[in-house]
Amino acid sequence: MSRLYRIGLLLVLILAIAVLLPWQWYPREWRVWYADNFGASGFQEQAATVPASTNDSAEEACPPDIRGWRKSQSIAGVAIKASPNCLADNPHAVAAFVKGTNNVGHMTLMDARLSPDAVVKGRDLDGDGDPDEIHIRLEVFELNGGSPDLDVPVTQYSIAPGVTPGLWVFAPKSAGMSTENFESLVAQPGLRLPSPAIRVEQGDKVIVTLENTHYMPHTIHFHGVDHPFLTESGEGNDGVPVTSEKPVMPGKQRSYEMQPRQTGTMFYHCHVEVQAHVLMGLNGLFIIEENRPNNWVQTFNIGDGFVRHSSVAVKEKYDREYDLHYLDLDKDLGEKIQQSNDPRIVTQLINRDYNISQADFEYYTLNGRSFPYTARDSLIVTAPGEVVKLRVVNGGSEGVALHTHGHKVTITHYDGVEHPEPSRIIRDVVWIASAQRVDLELSTENDGLHSYGEGVWLMHDHQERGVTTNGFGPGGNVSAIVYERYLQDNGWPMTFGMGWKNFLTPGFYQRKDDGSGVTPLLAGVEDRGPSVLRLVILTALVGLLVGVLASWVMRVRSSD
Amino acid sequence: MTKLKMVVCLMGALLIVGHPVYGANEHHHHHQMPGMSMDATGMVMGNNKEKLPDDCKEIAGEYEINVLAGTHYAKPFASTMFGYSEHEWRVEPCSRVTVHFKNEDDVRHQWMLHGLPKYLYDRGMFHMEASGGHAQTGVFIVPSDNKTYLVHCDIAQHMEKGMKAQLIVGSGSGDLWSIPGVSADFERAGGVLSRQPGFAMLLSVITFIVVFIIGFRFFRI
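Line by line, the protein sequences are chains U and L. In this text, residue positions in the first sequence follow my numbering: the first is 58, and each later residue adds one. In this text, residue positions in the second sequence follow my numbering: the first is 16, and each later residue adds one.
Check each hint, because a few of them may be wrong.
Stated by the list, open to error - Keeping only pairs whose Cα atoms sit at most 30 angstroms apart, straight-line, the calculated DSBU-like set for lysine-lysine is:
| id | chain 1 | residue 1 | chain 2 | residue 2 |
| --- | --- | --- | --- | --- |
| 1 | U | K388 | U | K558 |
| 2 | U | K309 | L | K117 |
| 3 | U | K303 | L | K117 |
| 4 | L | K64 | L | K117 |
| 5 | L | K162 | L | K72 |
| 6 | L | K90 | U | K303 |
| 7 | L | K90 | U | K309 |
| 8 | U | K138 | U | K465 |
| 9 | L | K162 | L | K66 |
| 10 | L | K133 | L | K64 |
Stated by the list, open to error - Here are some of the chain L residues that sit facing chain U, going by a computed Cβ distance under 10 angstroms:
| id | residue |
| --- | --- |
| 11 | H124 |
| 12 | H129 |
| 13 | E144 |
To be verified - Derived DEER-like restraints, expressed as beta-carbon distance ranges:
| id | chain 1 | residue 1 | chain 2 | residue 2 | range |
| --- | --- | --- | --- | --- | --- |
| 14 | L | L67 | U | E117 | 37 to 45 angstroms |
| 15 | U | R85 | L | G213 | 36 to 44 angstroms |
| 16 | L | E202 | U | E86 | 55 to 63 angstroms |
| 17 | L | E73 | U | I123 | 36 to 44 angstroms |
For the record, the hints were derived by calculation from the structure and aren't laboratory data. Just so it is clear, CB atoms sit at the ideal spot from N, CA and C, and this is done for glycine as well.
Model the full assembly from the supplied sequences, consistent with the hints where possible.
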């Protein structure tokens with residue numbers, strides 16, 4: 058009786074387990090046999106659609122211009138053009154860069170947050186009404202670095218909502234704090250990616266002093282800029298640690314001298330451990346403008362983009378001028394400065410552990426931002442019948458296949474050297490190799506070739522990874538050529554497609570499906586595997602079965 | 016090189032001196048802040064020799080501290096890059112503190128003190144900045160409560176890499192975190208294990224197994 062009882066119990070258990078076991082867990086052959094003999098199973102309803110939730114975590118697309126930086130104004134006698142973009146450069150800094158920080162007043166310097174010796178403009182050597190002795194001072198700043206006391210990056214700079222890769226940048230010598238204020242962890246507006254475009258006039262006697270405020274050694278190499286190998290006093294002047302000079306150690310400074318004979322769009326970058334330092338952000342445009350009378354050039358263009366005080370020669374030929382700096386960033390490299398607060402370990406992580414031949418590049422920036430932040434300060438704003446000058450550099454490690462929707466652009470210069478007019482080519486995809494510069498002429502003449510008319514025309518790297526942020530789109534270096542008629546008063550473009558609100562949330566670029574961006578675009582699906590209750594019961598039954606079998610085996614053995 | 020540097024500096028200095036009256040021909044909507052001075056050698060903000068905090072009847076003491084700053088002072092503390100000659104100072108409540116701040120590096124450094132009464136000091140801050148090779152002197156008066164004040168350099172990463180100190184008024188209010196020679200880092204544990212979690216895990220597992228075997232074999236009741 059007891060044996061029969063036990064066998065009965067076993068059979069019931071096995072049957073229960075067989076029923077509870079999810080259908081998909083059986084071998085395919087068994088299921089085919091079952092279906093052949095008993096027909097298909099009943100209709101199973103699929104998991105429900107998770108409704109798209111609205112979210113209120115979106116940032117303001119275009120923050121209001123409280124400080125009045127966008128409007129056209131005159132500061133310290135310098136006429137500064139209105140900036141059409143949502144976020145404008147600090148006009149006080151623009152004025153100080155044009156006149157020289159030694160030639161503007163105390164309050165202008167305070168508002169510009171610049172040191173009085175950031176850009177010292179001296180004598181007019183050729184007597185043409187503008188200064189020709191230019192002494193520039195650059196400092197090095199770490200953005201989104203680590204901290205011994207906080208688990209978030211410090212001196213923060215976001216390239217896109219919630220995206221804060223570790224960065225190093227050159228910046229004009231500033232005064233005061235690196236953050237907006239003591240309560241804030243966010244970098245002050247003058248400290249940002251990219252390292253700023255520098256402008257001098259052809260024939261200027263230029264001194265660039267690197268004041269190394271950073272905890273790693275650095276140098277500056279002036280790529281493409283006419284400069285002697287040695288300074289007048291016989292010191293290295295090429296910025297290359299292995300051939301020219303020892304790097305500038307933390308807390309030290311070094312001066313580079315040059316008097317460029319040729320004009321053009323050139324480049325500057327740190328030459329210490331270039332495989333890492335350049336790609337951390339230590340590279341920028343260096344532009345030599347044609348020598349003209351009364352040509353006060355804007356020595357720095359912070360954040361690149363729209364040039365608010367173009368040189369005399371550019372104004373003769375062009376209606377507007379934009380500096381465009383493309384840079385791809387390796388997420389893993391940037392994270393290294395956040396992993397340790399010990400400069401020795403950071404050095405080891407970057408100089409020894411980092412292997413660029415194994416690297417992937419996740420962030421694609423234009424003027425230090427990725428979409429949608431590019432729309433805040435890097436739209437090419439224009440109007441019909443204009444000629445616009447674009448100075449483009451690729452500071453990154455991969456090429457850029459720059460595509461302009463609605464326009465074909467003319468390449469006027471490669472690496473700062475002018476193409477004779479008959480040999481100029483017109484294209485809608487311009488390939489820019491690493492460190493390469495191209496000067497482009499964007500004509501808005503509606504002739505079906507140069508322009509197809511007014512609109513909001515996208516402009517982006519056509520290598521598709523370039524339009525993503527950490528492999529997720531839309532992001533990357535996407536910007537647009539926007540005609541004034543399609544620009545709202547606050548500088549934000551009028552668009553007719555999907556709303557951008559979802560892109561303005563940190564959750565979107567973290568691929569979170571928590572209603573912070575992804576779900577409104579793509580509805581979610583309920584997660585429906587076998588129910589937890591079913592699996593728990595199944596496990597309990599299996600346990601019971603094993604227990605019964607074990608006790609049975611033990612009893613049989615002991616009776617033997 | 017040094018000669019050239021001197022010439023360059025001189026040229027710069029002459030240029031600056033050549034335009035002595037900052038803002039003389041400029042009309043601006045706001046005025047210079049009281050207790051503030053700024054030139055090519057640096058700046059002092061929140062300078063206050065006379066005004067007593069509301070809770071002080073009189074100046075209870077006079078202190079004069081000399082602070083040297085630069086990469087040289089990071090040497091005693093491995094893992095720092097910038098430092099002050101001292102990272103802790105003690106003064107009595109309601110005392111007047113004169114700080115002589117000398118920067119021995121070739122780049123800017125700051126000596127910034129936070130948490131003072133906002134009615135006396137703009138944003139509760141006393142702030143000195145010295146350009147490379149220059150010195151600044153500033154004065155402030157501390158209130159009557161026992162409190163530890165943060166002193167630091169706010170140039171990106173300078174505080175993180177060692178330029179952090181504390182001013183203890185009276186008995187203070189406890190040490191701040193990550194002051195070189197005084198207190199530990201709040202967020203980061205030290206040592207090789209914290210940097211190599213895989214190695215740490217392996218080591219713990221092996222240790223556990225060894226101890227388990229020992230316990231099982233030799234301490235069996």
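Hints, one by one, checked against the model:
Taking the CA atoms of K388/U and K558/U, the gap is about 25 angstroms. The hint holds against a cut of 30 angstroms. A threshold of 30 angstroms between alpha carbons decides the hint, and for K309/U with K117/L the separation of about 15 angstroms falls inside it, so the pair holds. Between the alpha carbons of K303/U and K117/L the distance comes to roughly 27 angstroms, so the proposed pair stays at or under 30 angstroms and holds. Of the supplied pair hints, the one linking K64/L and K117/L holds, its CA atoms being roughly 20 angstroms apart against a limit of 30 angstroms.
For the suggested pair K162/L and K72/L, the alpha carbons sit about 18 angstroms apart, so the restraint of at most 30 angstroms is met. The suggested pairing of K90/L with K303/U holds, with an alpha-carbon distance near 21 angstroms, which does not exceed 30 angstroms. The suggested pairing of K90/L with K309/U holds, with an alpha-carbon distance near 16 angstroms, which does not exceed 30 angstroms. Taken as a hint, the K138/U and K465/U pair is honoured in the structure, with Cα atoms around 27 angstroms apart against an allowance of 30 angstroms.
Of the supplied pair hints, the one linking K162/L and K66/L holds, its CA atoms being roughly 19 angstroms apart against a limit of 30 angstroms. Proximity of K133/L to K64/L is assessed by CA-CA distance (about 16 angstroms); at most 30 angstroms being required, the pair is judged to hold. Given hint, H124/L at the interface with chain U, holds; its Cβ is 8 angstroms from that chain's nearest Cβ, closer than 10 angstroms. For H129/L, the suggested interface contact is upheld, since its CB lies about 6 angstroms from the closest CB of chain U, less than 10 angstroms.
Interface hint status for E144/L: upheld, as the beta-carbon distance to the closest one in chain U is roughly 7 angstroms, under 10 angstroms. In this structure the supplied range 37 to 45 angstroms holds for L67/L paired with E117/U, their Cβ-Cβ distance being about 44 angstroms. Restraint check, R85/U to G213/L: a C-beta distance of roughly 39 angstroms satisfies the suggested window 36 to 44 angstroms. In this structure the supplied range 55 to 63 angstroms holds for E202/L paired with E86/U, their Cβ-Cβ distance being about 57 angstroms.
Distance hint check: the CB atoms of E73/L and I123/U are about 43 angstroms apart, consistent with the given range 36 to 44 angstroms.
Consistency with the previously given hints is maintained throughout, with no hint failing.
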